[in-house]
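Read in order, the letters of the sequence shown correspond to residues 174 to 522 in the working numbering.
No lab work stands behind these hints, which were simulated from the structure alone. On a predicted model such as this, the values are computed, not experimentally measured, just so you know. Ideal placement from N, C-alpha and C gives every residue a C-beta, glycine not left out. The reader is advised that the hints may include incorrect statements.
[Unchecked claim] Result set (DSS-like, lysine-lysine): computed pairs, CA atoms no more than 25 Å apart in a straight line:
no., residue 1, residue 2
1, K506, K230
2, K230, K505
3, K498, K406
4, K515, K230
5, K515, K505
6, K498, K230
7, K408, K515
[Claimed, not checked] The calculated label-pair distances, taken between Cβ atoms and stated as ranges, are:
no., residue 1, residue 2, range
8, G330, H453, 30 to 36 Å
9, R414, N373, 55 to 61 Å
10, R375, T355, 20 to 26 Å
11, L507, L374, 51 to 57 Å
12, T321, E352, 54 to 60 Å
13, G495, M409, 23 to 29 Å
14, Q229, I391, 15 to 21 Å
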Amino acid sequence: MVGSSAQETTKRIDFSDTQTRLILQILIYGVIPSVSVLGIFGNMSSIWVLARRGMQKCANIMLISLALSDMNFLIGLNSIPRLIYDVIGDMDRFAYSYALSYALYIFYNLFHIVNYASLGVSLTLPMFITLERLVAVFAPFHIQHVITPFRTWLAIGLVNVFWYAFFIHMSFYLTFTYEYNTALNVTVGFIGRSNYHYANLRTVLALEEIMSYLMMKIPPVFTLVGCVCIGVKVKMASISRLRLTSGYAADEFPGRTTKILLAVCVVYTVTCGILSLPVHIPQYMYYTMTSDAPSNFSKIMYHVMNLVVCFNCSCNFVLYVGLNKNFRETYKKLLWRCWQRKQNKSCAI
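Use the sequences and the hints to build the structure in full.
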């Protein structure tokens with residue numbers, strides 16, 4: 174009864190193919206690329222500033238890796254094969270020759286792996302960043318021995334290897350078929366489920382559950398709890414300092430640190446919550462690597478999810494500039510130096 178009522182509700186709010194194509198064109202051609210361009214620029218700027226501030230700091234290494242993962246996600250999300258398959262011409266097919274359609278399928282798959290794997294890295298790294306900050310706050314005299322640049326690079330490398338291996342395996346559940354379409358009266362290329370997928374349905378469900386926990390449940394919960402602990406610790410230190418210094422400038426640094434942590438935590442937690450919706454309401458939302466789109470409404474909601482992740486991958490630079498004075502000053506100095514070099518070159522010419 175519950176399943177049938179959910180399906181009836183989905184049908185009532187579903188869109189026609191024409192409406193779906195229009196909405197997807199607005200999202201995929203306009204909104205998502207606009208946010209992505211800003212996000213790529215912001216992440217490149219973050220990498221530039223953080224690299225100038227020193228790669229010896231473990232926190233900078235993790236933030237640079239996070240910015241790089243966010244940038245890779247945005248690039249993979251806006252790949253040309255994906256645009257062609259999802260929106261251009263008739264949706265969900267390659268209406269070209271077999272050779273061209275198969276080549277587009279290969280590149281579609283490659284960008285899809287980059288898209289999902291970099292998303293996995295982006296949603297996992299905040300947990301490691303929070304762990305580093307916990308050690309820095311609660312054991313400041315031991316952090317140099319516990320968290321070293323080598324261990325940081327090793328952890329980041331293992332996270333990348335795990336997620337790329339995970340989604341390379343998931344790509345085997347997809348296959349390319351080139352068959353005659355009666356509605357279009359032409360032979361077209363489709364991306365569908367492989368025999369390997371149908372022979373391992375239990376494994377697919379298990380991997381989807383693992384993905385849900387490792388990407389959207391454990392990391393955000395750990396990050397949220399860690400940020401709360403850091404906020405409490407910093408506030409307690411602020412109160413102690415206030416008593417010792419009679420209130421002189423005691424609240425400035427803790428307040429700024431707490432704001433940055435809470436801002437990152439709120440955006441990240443909301444993103445993970447939205448991304449976990451396909452697990453709870455699969456009749457409305459879906460993951461392309463593990464399940465099929467049951468309706469046009471689900472296709473739209475899938476790209477709405479992508480838009481939410483785009484905002485998450487694009488907003489870190491804004492948070493750094495808006496809430497971190499040192500980052501903002503370093504960025505201003507770098508821009509000023511670039512402008513001076515440009516002026517000197519123009520004068521020399």
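Going through the hints against the structure:
1. K506 / K230: Satisfied, since the Cα-Cα distance of roughly 20 Å is no more than 25 Å.
2. K230 / K505: OK: K230 and K505 at ~21 Å, within 25 Å.
3. K498 / K406: holds (22 Å)
4. K515 / K230: With Cα atoms ~31 Å apart, K515 and K230 exceed 25 Å; violated.
5. K515 / K505: Status holds; Cα separation ~15 Å.
6. K498 / K230: holds (18 Å)
7. K408 / K515: Measuring from Cα to Cα gives roughly 45 Å; hence the hint is violated.
8. G330 / H453: 30 to 36 Å: With a Cβ separation near 33 Å, G330 and H453 satisfy 30 to 36 Å, so the hint holds.
9. R414 / N373: 55 to 61 Å: This hint holds: roughly 58 Å between Cβ atoms.
10. R375 / T355: 20 to 26 Å: violated (34 Å)
11. L507 / L374: 51 to 57 Å: holds (52 Å)
12. T321 / E352: 54 to 60 Å: holds (55 Å)
13. G495 / M409: 23 to 29 Å: holds (26 Å)
14. Q229 / I391: 15 to 21 Å: violated (29 Å)
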